[in-house]
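Line by line, the protein sequences give chains A and B. Heads up: the first sequence at position 45 corresponds to 45 in my numbering, and the numbers run straight through without jumps. Heads up: the second sequence at position 248 corresponds to 248 in my numbering, and the numbers run straight through without jumps.
Please keep in mind that the hints were generated in silico from the structure rather than gathered at the bench. Errors might be hidden in some of the hints.
[Claimed, not checked] Far from chain A by the CB rule (all over 12 Å, computed), these chain B residues: (1) P72; (2) Q129; (3) A211; (4) T284.
[Said to hold, decoys possible] Below, computed lysine-lysine pairings styled on DSBU-like, alpha-carbon distance capped at 35 Å: (5) A:K373 with B:K149; (6) B:K126 with B:K149; (7) B:K113 with A:K2.
Don't be surprised by glycine CBs; every beta carbon is placed ideally from N, CA and C.
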Amino acid sequence: MKLICHIIKKDFRRLRLPLALWLLPMAGQFLIGFWLLRAHDPTPFALEALGRTLAVRNLAGCVWLLWGLQVVGCGLLVVALVQADPLVGGQIWWVSRPISPARLLSAKLLALALFCCLPPVVVALPWWLFCGYGPREILLATGETMAGHAVLVVLVLPLAVLTENAARFMFHGLVAFFFWVCLLLLLAAWWPPVDEPNWAALGWAVVPAVVVTLHQYLCRRTARSWLLLAAGMVVIGLAPRLVPPTPGFWRDNPFAFAISGPPREAPPAMATLTVTPGTVSLWKFSPANPAEVPQTDATVRLRFGGLPVGYAIFDGQYDGTWRWPDGVQFQQAGSIYGDLDPAAWSLLGRPDPKEPGEAGMASVFVPDSLATKIKRQPTAWDARLHLGVMRGEVVALLPLRAGAVGGRSGHQIRILEVQRPGALELTMVDLAPAFMGGNWQNLFYTLDWDERTSFYALRSRTRTGSAGQPTTSANILKGQSEQPEAKAIKLPHGGVTLAIRIGTVGLLCRLVEVEAWEVADGNLASADQGKWLDDAELVQVAFTRVGTIERAVATKALVVQTVKAGTLGPAEKP
Amino acid sequence: MNPIETHQLSHRYGRTEAVHELSLAVPEGSVCALLGPNGAGKTTTIKLLMNLLRPGGGTATVLGVDSRRLGPRELAQIGYVSENQQLPVWMTVRQLLDYCRPFYPTWDVALEKRLLAQFELPADRKLKQLSRGQLMKAALLSSLAYRPKLLVLDEPFSGLDPVARDDFVRGLLEAAGEDGWTVLVSSHDIEEVERLADRVVLLDAGRLQLAEATDSLLGRFRRVEVSLPNPSPPSVAPVPPGWMALERGAGLVRFVDSRHEPLTMARDCREQFPAATVTASPMTLREIYLTLAHAGRNQPKGAAA
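Here chain A stands alone, though its shape is the one from the complex (with noise of 0.2 Å):
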C-alpha cells in the first residue's frame, strides 16, 4: 500500500495544474448558480422575461459549455494519468522497475479514483449546502456525481490504455467511433432497432471497457487487447438484440430513485378512499387530416370520497367496459387525470374553492359511432382503476421579500424579487435534487428531471376570514403542475423563465405576475390588495407519489353531460 501511495503522489505531482484547471469549469457552474440565486433587483430572470436581455439564456448556455469541458476534461486527465506510466511501446520505463502491473492498476484506479470521482464531490459541497441539501441529498448526490464520473472513467480507460499518447488516444478515439458507427448500420440492417434505454447501452459498455483494461494492465498484449476491444464492441451492439429487453423491466427504470424513494403500496389511510363515477363528457374532435376517422374524447367524471386530508388521485390507468341494454358491449383501456388542488386546499385548512367536488377524470377517445350510442342510448360503465396516490406536505413558508428562504432539507424556495407596482411580480427559484438516476433515459438529450408538483398559494398571515383561518389567495400557479411542458417557456402567468441543472440541483426559476386575485373567502378589492400584501406569505404545498391503489366501479347509467365538437388535431385535448 505504500508503494500505491507512492505513485499516486508521483501522478499528483504531476497532474496538480491540469486537474486544478478540470476544477474551474465545474466550480464556474457552481459561480453561475451563485449569482442566479443571489437576490437583486432586477434579477436575470425578471429582464429575461422581459425581453430586454439574453443573459439567463447565455448563461444557460455557459453552464452547458462549462460541463462540456468538465466532461472533456475528465477524459483527458483519464489519459494523462494512465499514459504517465504507459503500456504500450517496447521502452516502457515503469516495466524495469520492480513496479508489478497489479499493483501499477491498483494505484491508477486509486488515483483515478481520488482524481477523477473525488474532486467533484469536494468542489460541489458548498454549492450542494446553498442549496439546502440535506444529509440525505448529499448522500445521492455524492453517489450519483461519483459515479457518473466514474462511467466516463471507465468508458475513457480502454482507449487510454491501449494507447502512448494524447494524439494516438483521440486518433485511435475517431477510428473506434467510427468502427462503432459502421457496426450500428450494418447491425441495423440485419436486426429491427431495439428501444433501449442510455443507461442500459452503459451498462453493456463497462463491461467490455473493465475487461480491456484489466487485460492490458496485467498482461500487456495491446494486440490482444484491441481484438477484446472490438469484440466487445460487437457483444454491446448485438446484446440488446439477442437478448431483447423487457419493456417494463426499461420502463420501470431500476436505477430511479424518487425523491422520497421508489413508489410502494398505498398507505392504509387510503382504504377509506371511495370512487363513484358521475357524469361523461363528449369532446368529438375532426382531425386535421380528413384521411383519419374522427374520434371523440368520452371522459367520465369520478368522484373521490374519503380521501384522507392531504392525499390526492392525480393519475392512473383503467381498464373499462361500456355497455348498453341491447348487449353490445365495448371495452377500452385509458388513463386517469386526477386534480391535486382538493388536496392542498385541503392540507391549509380550507375546502377547494373552485372544484366542487368532481376530482377525477377518466378520459379515452372512443370511435365516433360509439360516442353517437352513448349520446342515444343509456350507458353502463364499469372499470378497474389504477390509480395513482400522491401526499401533499406544506415544505414551505416565506415572507413575500427577495432573499427569502424557505423549504426543507433537500428541496429549496427562494424568492430573488419582489415587485408590487400595483400588481405582484415575483421572482422566485425552486430548488430541487435533479438526479439524473431516475432520467437515464434522457441523459444525452434533455438533461430532464422530474419536477415535484406543487402547488403555491399566498396566504395572509396576520388577516383571518369569516372562519377565524387565514385568508388564502387562489393557487398561484394553477395549471403550472399540468403543464410540465413548459419548462422553459416563458409564460404569462407563473412561467417558468429557466429550468437548468448545475451539479445535480436542479433550478427552476419562475417569474409569476399576478394581477389580480381571489382569496378563499371571496374577491378581494383591489384597494385591499396593497395591504392584504404587506403580511402575506408565500405557501408551498409539495406533492410526492406515494404508491397506487386499484379500485372496481360500475354505473348502470352514466349522464352525458356535455357535448362539444373540436376543429382541432386529436392532440388537443380539453
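Take the given structure of chain A and dock chain B to it, following the hints.
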C-alpha cells in the same frame, strides 16, 4: 547459475526475423559486450531479456527466472539503461531518485550521493532540460544506486561526447567493480566496450556469430604480414581454415589469423610462402569486430564464425 541464459530465443517483427534461435549465457560477474552492426538484433535481444517484448520462440532466463515472469523481486536486482527509454522527463533528477528509491530495498543513499557528485548532475533540473549525456548519466545513476546484481545497458554511449563517455564508463567500472556485478552492454562504441568487457557476444542478422572471453578473442586473432622474396612462386597449398581477409599484393601478403597459435602459424606460413618473412601483430577489438563483420557479409546466412 548464469544471470542471463537464452535458449533458441527468437523474435519476429512481422516478416523480419530480428533474433533467430539465439542461445547464449552470460556468466556471473562478467561484463559482456553485445556487438553487431545495425539491425543485428542487439536491442531486440535486450528487450526480450527485460520482458519489454515477448519471445516468439525459445526462452530467456534472467537471474534464474523466465524473462516473461520477471517480477518486482528480480527487477529490484536488475538495472536497465537504454538510449531510447521513455524516462519520466517531467521529473527533476532529484524527483527521479526520490521516486525510484522506495522501490528498492537495497538502495544505497551514500552511493547515490557519490554518483550524483561524480556525474556532476544538476539535481533540481528537469530531465527534459538535460543534455543527452546528462540524461544517460541520470538513468545510469537511478540504475546503479541500488547496487543491482545485473546491469543491462542498451547503447549507453550513443550520442555522448568523449568526456561524458569517459565519465560514464569510469562510473560504471567503479560501481560494477566494487560488487562484482554482471553487466550486459550493447554498443557500437567498441573502444569503450574494450575497456569494459571481459566477454564479447557478436550478433549479425539476429544470429549468434561469436561468444567468447575478450582475452581469448584478443589472443586468438593476429594480423599477419608476409613479405615475399622476388620473384616468389605461387602457392599451391590450400589456405588454412583460420585465415581471414587474405590480401595479396606485390611482394606482400596480409591476412588475419583467427586461430592464432605461433608454432602452427609459422608452419602454415612456411608451407604457403616458403622463403617469406612473417610478422604477426596483435589486433584491437575494433579490428577484430570489423574483420568478422566483413567476413560475415561474405558468408552465407547461418554460418557462424
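Hints, one by one, checked against the model:
no.: 1; hint: P72; in the structure: violated (4 Å)
no.: 2; hint: Q129; in the structure: holds (16 Å)
no.: 3; hint: A211; in the structure: holds (24 Å)
no.: 4; hint: T284; in the structure: holds (32 Å)
no.: 5; hint: A:K373 with B:K149; in the structure: violated (100 Å)
no.: 6; hint: B:K126 with B:K149; in the structure: holds (28 Å)
no.: 7; hint: B:K113 with A:K2; in the structure: holds (24 Å)
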